[in-house]
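J.: Just need the whole structure built from these sequences, with the hints factored in.
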Amino acid sequence: MNENTLPKIQKHTAVQQVIDYLRNYILTINNNEITKLPSEAKLARGMGVSRLTIREALTALENEGLITRSQGSSTMITTFARRLSEGIDYAGELGRFINDCGYESTVDIISHSWEYCGDETSNKLEIEAGDEILVVKKKFLADGEPAAYCVNRIPKKFLANIEIDEKDLGKSMFDFVEESCNCQLSHDFMEIIPSLVTREIADILKLEKNSPILRVDVIKYSIEGYPVMYNTEYYVDKLIRFTACRTRSFIK
Numbered sequence: 001m002n003e004n005t006l007p008k009i010q011k012h013t014a015v016q017q018v019i020d021y022l023r024n025y026i027l028t029i030n031n032n033e034i035t036k037l038p039s040e041a042k043l044a045r046g047m048g049v050s051r052l053t054i055r056e057a058l059t060a061l062e063n064e065g066l067i068t069r070s071q072g073s074s075t076m077i078t079t080f081a082r083r084l085s086e087g088i089d090y091a092g093e094l095g096r097f098i099n100d101c102g103y104e105s106t107v108d109i110i111s112h113s114w115e116y117c118g119d120e121t122s123n124k125l126e127i128e129a130g131d132e133i134l135v136v137k138k139k140f141l142a143d144g145e146p147a148a149y150c151v152n153r154i155p156k157k158f159l160a161n162i163e164i165d166e167k168d169l170g171k172s173m174f175d176f177v178e179e180s181c182n183c184q185l186s187h188d189f190m191e192i193i194p195s196l197v198t199r200e201i202a203d204i205l206k207l208e209k210n211s212p213i214l215r216v217d218v219i220k221y222s223i224e225g226y227p228v229m230y231n232t233e234y235y236v237d238k239l240i241r242f243t244a245c246r247t248r249s250f251i252k
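Following the numbering used here, the residues of the sequence shown are numbered contiguously, the last one being 252.
There is no bait here: all hints are sound.
Derived BS3-like pairs: lysine-lysine, alpha-carbon spacing no greater than 25 Å straight-line:
1) Lys-137 / Lys-167
2) Lys-124 / Lys-137
3) Lys-206 / Lys-139
4) Lys-171 / Lys-157
5) Lys-156 / Lys-139
6) Lys-156 / Lys-171
7) Lys-137 / Lys-206
8) Lys-157 / Lys-167
9) Lys-139 / Lys-167
10) Lys-137 / Lys-156
11) Lys-137 / Lys-171
12) Lys-124 / Lys-156
Label pairs and their computed distance ranges (CB to CB):
13) Glu-132 / Thr-28: 45 to 55 Å
14) Ile-109 / Thr-59: 37 to 47 Å
15) Asn-123 / Thr-28: 34 to 44 Å
16) Asp-131 / Ser-39: 50 to 60 Å
17) Glu-115 / Tyr-21: 39 to 49 Å
18) His-112 / Asp-217: 13 to 23 Å
19) Thr-59 / Asp-168: 38 to 48 Å
20) Ser-111 / Asp-131: 14 to 24 Å
21) Asp-131 / Glu-163: 12 to 22 Å
It is worth saying that the hints were derived from the structure and are not from the lab.
Think of the CB as a built atom: it goes at the ideal place given N, C-alpha and C, for glycine as much as any other residue.
T.: Written as structure tokens, this is what we have:
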């Protein structure tokens, strides 16, 4: 990486642009001999931003597990950075996630229905027990093989004036929710729950009943901070795995 070839950055989105550029550089370099980034001073000079901006961007990349830093040393590129691009903190749409893992993603809509929610679902969605919710069940395939089973739950109060068309449910649920509920999804809370395959899941994902499976419960929040959708996702281990990079904290 030559500082003379670094792009000049607009000030108002400086940190995010630096993050995006460096993340893309780290994930696409093909030269295994490149193991570290230039110094903060060289990056700042080459991009035309302050060292503080560079430092903030590097902190974000370190939190993603793409780099490691220690005082007085260079910024090292994590050796397994490419595998971390589908980390456990991925918050995107499931079909896109499967594509990003290197597979061709297709989706089968198993069913959609209006149901009355129980205590667990009402607590997660911050609604009353017995309130109606839309329940959408989908099977995701990777290169034609069952890869994941997802149950989406959306409160009816967000969809009161919407006529549900199954064609709309076949696209990204992110897009469906944002368009139908007139909201913007911002973040989610994820809980990982080791589970056993039920008869229903065994039939859908072609797995043995009572075999272990990774279950992930996800609550999607709007930009205003209220829950909009509660998902339960089951992943086939041989096709999809999550990774995480954990760094040691140094307390002085």
